[in-house]
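Those protein sequences? They're chains S and B, same order as listed. Numbering follows the numbering used here, with no gaps: position 244 of the first sequence is 244. Numbering follows the numbering used here, with no gaps: position 259 of the second sequence is 1259.
Be aware that one or more of the hints could be misleading.
[Claimed, not checked] One side of the interface only, derived from the structure: several residues of chain B facing chain S at Cβ under 10 Å:
(1) Y1134
(2) A1135
(3) K1143
(4) T1199
(5) G1203
(6) L1207
(7) N1215
(8) E1218
(9) E1236
(10) A1288
(11) G1293
[Claimed, not checked] Some chain B residues well away from chain S (every beta-carbon gap over 12 Å; in silico):
(12) S1024
(13) G1036
(14) A1046
(15) S1222
(16) D1259
(17) A1263
(18) R1312
(19) P1327
(20) T1335
(21) P1337
(22) Q1349
[Stated by the list, open to error] Cut-off 20 Å, straight-line C-alpha distance, at most; resulting in silico cross-link-like pairs (DMTMM-like, lysine to aspartate or glutamate):
(23) K217/S <-> D1320/B
(24) K167/S <-> E1230/B
(25) K1143/B <-> E258/S
In short, the hints are calculated from the structure, not lab data. Each residue gets a CB set at the ideal place from its N, CA and C atoms; glycine is no exception.
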Amino acid sequence: MRIIVFNCGSSSLKYRLIEMPGERQLAGGEAERVGPKTAEPARIVHQVGDVKEIVQVEMPDHASAFTQVMRLLERDPSLVPDAIGHRMAHGGPNFTAHVVLDDAVMAELERIQVLAPIHNPPAVRLIAACRQLYPRLPETVVFDTVYHATIPEVARTYALPGALAAKHGFRKYGFHGTSHQYVAQEAAKLLDVPFADLNAVSCHLGSGGASLCAIVKGRSIDNTMGYSPLQGLVMSTRSGDLDPAAALSLLAREAGNEKSVEAMLNRQSGVLGLSGVSADIRDVLSRLSKQGEVSEALTVAAQVYLWRIRKYLGMYLTVVGRAHCVIFTDTIGERVPYARWAVTSGMEPFGLEMDCEKNDQGGSLPVDLSKPGSRVRILAIATNEEVAIARFSYSLLSATSARRERIAS
Amino acid sequence: VNTLVIIPGRRSLRYAGFKANEESCMGTIRGWSWQGPSAALEEVAAIARATGLADGDLRIALRSIYGGAEFPSPVWLDQDNEKRLLDLTRHSPIHLSTLVDVAREARRVLPRAPVIVAFETSFFIDLPVRERTYAVSPALAQKLELRRWGFHGIFHSAAVAEANRTWRRSGQELPARILSICLDPQPEIAAVLGQCPITVTSGATPLEGLPGETNSGEIDPSLALALAGEAGLGPEGANTLLTSESGLSGLAGRRVRLDEVLAATAGDLVRVREFLLYRILAAAGAAAAALGGVDSVVFSGRYSAVAPVVAREILPRLYDCGALLCPPTHWEMLTTPLERLLAEIAMVQQAPESYPWQPMPDTGGDFETEFYP
Chain S
1 MRIIVFNCGS
11 SSLKYRLIEM
21 PGERQLAGGE
31 AERVGPKTAE
41 PARIVHQVGD
51 VKEIVQVEMP
61 DHASAFTQVM
71 RLLERDPSLV
81 PDAIGHRMAH
91 GGPNFTAHVV
101 LDDAVMAELE
111 RIQVLAPIHN
121 PPAVRLIAAC
131 RQLYPRLPET
141 VVFDTVYHAT
151 IPEVARTYAL
161 PGALAAKHGF
171 RKYGFHGTSH
181 QYVAQEAAKL
191 LDVPFADLNA
201 VSCHLGSGGA
211 SLCAIVKGRS
221 IDNTMGYSPL
231 QGLVMSTRSG
241 DLDPAAALSL
251 LAREAGNEKS
261 VEAMLNRQSG
271 VLGLSGVSAD
281 IRDVLSRLSK
291 QGEVSEALTV
301 AAQVYLWRIR
311 KYLGMYLTVV
321 GRAHCVIFTD
331 TIGERVPYAR
341 WAVTSGMEPF
351 GLEMDCEKND
361 QGGSLPVDLS
371 KPGSRVRILA
381 IATNEEVAIA
391 RFSYSLLSAT
401 SARRERIAS
Chain B
1001 VNTLVIIPGR
1011 RSLRYAGFKA
1021 NEESCMGTIR
1031 GWSWQGPSAA
1041 LEEVAAIARA
1051 TGLADGDLRI
1061 ALRSIYGGAE
1071 FPSPVWLDQD
1081 NEKRLLDLTR
1091 HSPIHLSTLV
1101 DVAREARRVL
1111 PRAPVIVAFE
1121 TSFFIDLPVR
1131 ERTYAVSPAL
1141 AQKLELRRWG
1151 FHGIFHSAAV
1161 AEANRTWRRS
1171 GQELPARILS
1181 ICLDPQPEIA
1191 AVLGQCPITV
1201 TSGATPLEGL
1211 PGETNSGEID
1221 PSLALALAGE
1231 AGLGPEGANT
1241 LLTSESGLSG
1251 LAGRRVRLDE
1261 VLAATAGDLV
1271 RVREFLLYRI
1281 LAAAGAAAAA
1291 LGGVDSVVFS
1301 GRYSAVAPVV
1311 AREILPRLYD
1321 CGALLCPPTH
1331 WEMLTTPLER
1341 LLAEIAMVQQ
1351 APESYPWQPM
1361 PDTGGDFETE
1371 FYP
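Please build the complete structure, drawing on both the sequences and the hints.
And the structure:
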């Protein structure tokens, strides 16, 4: 079965065509600058095997981007997908499992768009376009929040009046679940531990968003993100944790303009806000490492970013108890040895002993970066959300197909 | 030296008198704020006179929740310091203007007694930059005068001194890595290296951090905005809800005390207790990571009597993951009440020889914009 996985950004559409169950990537790429015209033309970077091509084409919305991607694939009959898997950031309170798309699912997806106003609406529009243009293709929806459906009440509850919280759905949802689950499964394989027995802390440190996940017996028991992706770690442009009184004070100063405050905290804060020069912590660390460049803002940005990760790492190692491993993943977690070192150094009491030489060398992933005697293993594992989505989609569609066959027989 | 400690709160005013180290009176005046401070302070002064406190060298000690960078240590409240204090009222309009009003009334009813103010934030004045900085632009942080503080510095400071004494007695030379857990209506955890705090659960205000009896503690900042917007409360309404109607009482659906929650073994409070213990465990883990392991644990606060409950539930888990380096049964408890700690501060300070003090005009706190409770 060939499954095309779509990961929809606000102005981009990433796709990967994967043959399942072999998990072989057949094609992939990204439609860039989807939406209103910008200074540079919209384009699709399309890759089949080692051959990359760039196609300039107008894509005023995600539906047209989808159409163009499908056209590129349909040039080769062996690249025509059999099914579509969609990534959805927020599943709200009712999607506690990934689903095969139908009318009821679509209606619920439209209803919960407000919970993730930046991430969900473009994905929902894409799904609508797929249904309209390719009604015969089965579709699945894989939610970032589903893995965190197991977070217990003590961790998902905010200390608010119960009735009010229930009425508005004010609770922790957690995000990056697909990635956390994928790398945790890979870690279990690496350590030869059954996934259902794995205790771990997963550090998804992306160049944009970032979160930590506490995992007990293969299940998520806590995540640093909360009701929204704003809570928790310092991210590229998101503040992470902030005193709620300060958020309200800011709101009062902005004359109650929530959008403006949300924009400040989501798009102008974090590493960008602190450093004033870049939203990418790699730029900050690399400029600091250069001789002669001394900047207080860069130093503070690096310290605050790393310190927050370290504190949450300690928090989650404590609530997990006897952890098998700490997993670093995504852009920063996989490629920035200094970040891994900074947040684990001096954490020997927690059982973390890094082999610094191995850490500096990097090498191919997955890799165990801990010293032989380290009680808790320190792993770097490449995340692959597309493969994870393809796995879930394949499993869902195979089960559906088997059910149909049973009914027919 | 005699000391009269006065702690004005939102609902009640607590007072305690000490003749040298001996407690001579202690009490609470409820509903005092309705009548203003004059009546309450006259009542306190009458008690001070009746118990002989006012006969000797009397000092009056007040506690301020907030002193900012302006007050790194206790100060005798002269005209200059009063002005400096009033300059800070934008951070805590109700608390600081009430404090100054109480100080003036104290001076009026007991004119010969100098007034000293101790600040909860002083202990946290040198929190490391990495800890005290929020990840917003420096311009915004400056505009909001935003940084992280701790708000139980008087308890932490005394508790840590106790822990350090024990640590040194055991022959250790390196500074102790101390986990200081203050069990007050708004609980707070600090990680302290020797005498220096390096992390604390509270934030720019006492609202952030652990959940308290009526305050929510840490929440997603988006949620604060959603309460103001989607839930229709507006910024002030959301602030009131988060500070006065949430926390353990919000979860329980009725007004509860922290010690009542922690002591619960059956009934509806068990769920709230589990929630609170999880938050304390998580915060303790973060503090342990900041310290790189914990040598010593010390409890303090109004509800230090329930410290055994917290110790029993939390410390074995810290020990199990390796973060706690001493046996989980080895912990200390500072049972000294805040009133006595304040009296001790007043007693050791050199009193001013002359004390010219003219009250400033009315403080006129802006009650509509209380964002910093």
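task: Enumerate the violated hints, using their earlier numbering and listing them in ascending order.
output: Number 15 - this is the single hint that the structure violates.
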